[in-house]
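A.B. asks: Each chain, letter by letter, is given below.
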Amino acid sequence: MTLGYLGIDIGSISTKGVIIDEDRTIIARSYLWTEGNPTEASRNVVRELESQVADAGVRIVGAGTTGSARRLVGAMLGASVIKNEITAHAVGTTYLHPDVRTILEIGGQDSKIICVSGGIAVDYAMNTLCAAGTGSFLSSQAHRLGVEVEEFGDIALTSKRPANIAARCTVFAESDLVHKIQVGYAREDIIAGLCNAVASNYLNNVGKGKKIDAPVVFQGGVSKNAGVVHAFEEQLGMPVTVDPDGHLMGAFGAALLAADAGPITDAESGPFASGAFDFEALLDFDFKTREVECGKCANHCEIICVYRDKDIIDSWGNRCDKGAVKTTA
Amino acid sequence: MADILHLPEEARSRVAVEERRREPKLGHRKFKRDRHKRIKVAFFRYCYYDPAFKFFVEQVLDADFLTLPEATKRTTEIGEQNSTDYVCTPFKHILGDYVEALEAGADVLVQFGGPCRLGYYGELQEAILRDMGYEFQMLNFSRGIEQGALGWAKQCLKTVNPDINIPAALPKLAATANMAVKLDEARDFYLANAGFERERGAFRRVWASYRDALRAATADRDINEAFREAMDAMRAIPLDKPADPIRIGVVGEMFTAIDERSNLELDEKLMAMGVEVHRMMNLTNRFIRYNEPNLRRSAADYLTYDMGPTSTLTVVAAHRYAQEGFDGVIHAKSAGCTPEIDCMPVLQRISADAAMPILYLTYDSQTSDTGLDTRLEAFYDMLSMKKEKTK
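Residue numbers (my numbering), protein chains in the order written: chain R, 1 to 329; chain H, 1 to 391.
Check before you lean on any hint, since a few could be wrong.
[Said to hold, decoys possible] Listed next, the in silico DSS-like pairs over lysine-lysine satisfying Cα-Cα at most 25 Å (straight line):
| no. | chain 1 | residue 1 | chain 2 | residue 2 |
| --- | --- | --- | --- | --- |
| 1 | R | K180 | R | K211 |
| 2 | H | K154 | R | K211 |
| 3 | R | K211 | H | K172 |
| 4 | H | K154 | H | K172 |
| 5 | R | K296 | H | K73 |
| 6 | R | K288 | R | K322 |
By construction, these hints were calculated from the structure, which means they are not laboratory data.
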């Protein structure tokens with residue numbers, strides 16, 4: 001019987017999960033849409049992962065979560081590691097590609113660049129006030145053009161003369177795009193132009209002032225788009241590697257960090273109460289999030305409480321100790 | 001009146017360059033002063049300096065100081081509602097403070113003015129508040145600036161209290177400056193050490209009682225005594241400080257880099273992770289002991305000209321942190337702060353030359369706490385992993 005570690009990356013658009021064994025190889029992978037329901041999506045991901053390792057006899061002894069719903073799902077799973085997505089991506093990628101110097105990442109709502117030197121992250125940047133050129137923008141434009149976003153890359157590669165699309169801002173990009181559709185540009189040229197716009201927008205905003213050295217690894221959902229990969233290669237003038245597991249790198253990083261933390265032995269309740277992950281325990285309970293307005297002072301903080309059935313298992317959002325909520329489990 | 005187009009060329013140019021200063025038309029009513037009523041003066045909330053503002057009002061201006069309660073979400077909402085969208089975030093916070101001060105019965109509002117757009121904010125805010133229907137006087141230090149200290153003194157006499165005893169007020173003015181210096185000095189010690197306290201909250205308690213003591217001070221002697229006591233108390237707090245802790249320098253614009261409400265408690269967040277925080281930007285270094293040409297020379301490789309309000313201090317501080325081998329620097333600015341945007345290419349050069357990462361944070365009134373936590377946590381993880389590896 002081998003020991004396994006679970007890593008889940010709950011993003012705004014998709015939820016990713018992996019199970020790694022003691023040798024830190026990925027033995028199960030899952031990728032599903034979040035569809036606005038992170039708890040249900042993570043349950044489905046865990047169920048899919050379980051079914052993939054059911055015959056191998058793996059005992060899952062630890063879990064890590066990352067992504068924007070990491071706190072909620074971390075509380076739900078009783079995870080030992082709850083890490084931000086930047087660290088998780090850096091850890092995951094540098095493990096698989098020890099010689100990487102630059103990690104480009106474009107997800108559903110965010111984009112980041114991580115500079116690596118000697119196997120450790122030395123600098124990073126992440127989009128702040130603007131989410132221009134991320135995955136959700138591409139998928140809404142795909143919808144407008146009547147193609148599936150998954151086909152985007154292949155269509156883009158057939159273009160001989162990519163359209164020039166304003167890249168600075170999605171609002172301008174969109175009106176420029178509509179204009180070019182209406183004057184009759186070929187669809188593949190528009191799509192290729194859009195891919196170029198995503199790449200140049202990324203390099204001008206997130207990548208501004210950062211030195212991009214080879215080898216470059218590109219990941220996140222958008223890395224599955226061959227058109228954007230091609231645009232990056234053209235604009236950077238260097239090869240860009242896309243790992244087949246690139247979209248799972250955050251989950252992989254979270255699993256690695258959970259493996260570093262070791263098996264969970266002191267859980268009093270939750271799925272890890274018996275020492276090994278019990279999927280049934282996850283199904284038995286109902287997880288709910290409720291917002292409470294604190295009335296202890298004039299600021300009225302919104303406190304977020306996560307309930308497992310009737311027990312409060314986690315809470316956050318209070319600015320001072322007056323608003324601290326006791327967990328009841 | 002003669003039609004301006006038909007004037008001879010010479011006369012027309014004379015019209016164009018005529019230099020006559022006009023008072024801005026803000027619909028001032030004649031200020032009727034009830035000689036038996038004490039004037040209530042309110043400042044906006046700014047960082048941890050309210051004891052110094054209180055001292056200034058009570059001891060120098062000889063008026064009553066209106067203490068505002070902690071800012072709440074409502075403060076920001078009022079400010080946002082009544083400001084233009086693209087004005088920088090401090091403007092919105094300050095406007096919210098003014099409305100709350102007027103609701104609490106303030107007679108006079110104080111605006112510093114300042115070396116960037118802030119210099120125009122006083123007048124704009126006054127106009128907005130009058131449009132909202134409030135009646136008050138504004139002590140705006142952007143007015144009278146052309147005459148320097150004399151102009152400011154005239155403004156104080158005119159708007160707050162015509163009976164200020166000037167010979168008695170001058171040493172109190174020096175004491176106000178001393179209080180700001182003493183606040184900053186204690187704050188520097190707090191930032192460098194509070195992240196390592198053994199008992200959580202010990203530093204915060206001393207800091208709060210120090211500010212309480214300063215609020216009660218009436219003379220220089222009280223200030224120095226409160227400072228000595230606070231420093232002794234802080235030095236006595238047991239620490240678990242590693243020999244080589246992670247050190248982060250905070251640089252940026254005057255409001256967002258320092259003010260806890262504007263930067264969503266950046267200091268506390270960093271210290272909670274166990275970071276030694278340094279920040280050169282404060283009233284002492286920017287105003288009281290500011291010598292721009294000298295500062296600029298200390299970073300002559302990067303600066304040739306004075307680029308504006310806080311740019312020199314931002315670049316010089318980042319340069320100094322790089323020289324001292326800090327692990328990282330955080331650059332905090334409000335959205336649309338042009339002087340600080342100008343600094344960013346210079347900071348990028350410093351960062352590349354010294355191989356010291358810089359995290360750039362842009363705040364507006366919608367900035368989320370969660371997003372900030374993610375970025376700070378990642379920055380900390382990166383610095384600590386780097387530190388471990390290079391040991």
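A.B. asks: To test your reading of the hints: which numbers does this structure violate?
C.D. replies: 1, 2, 3
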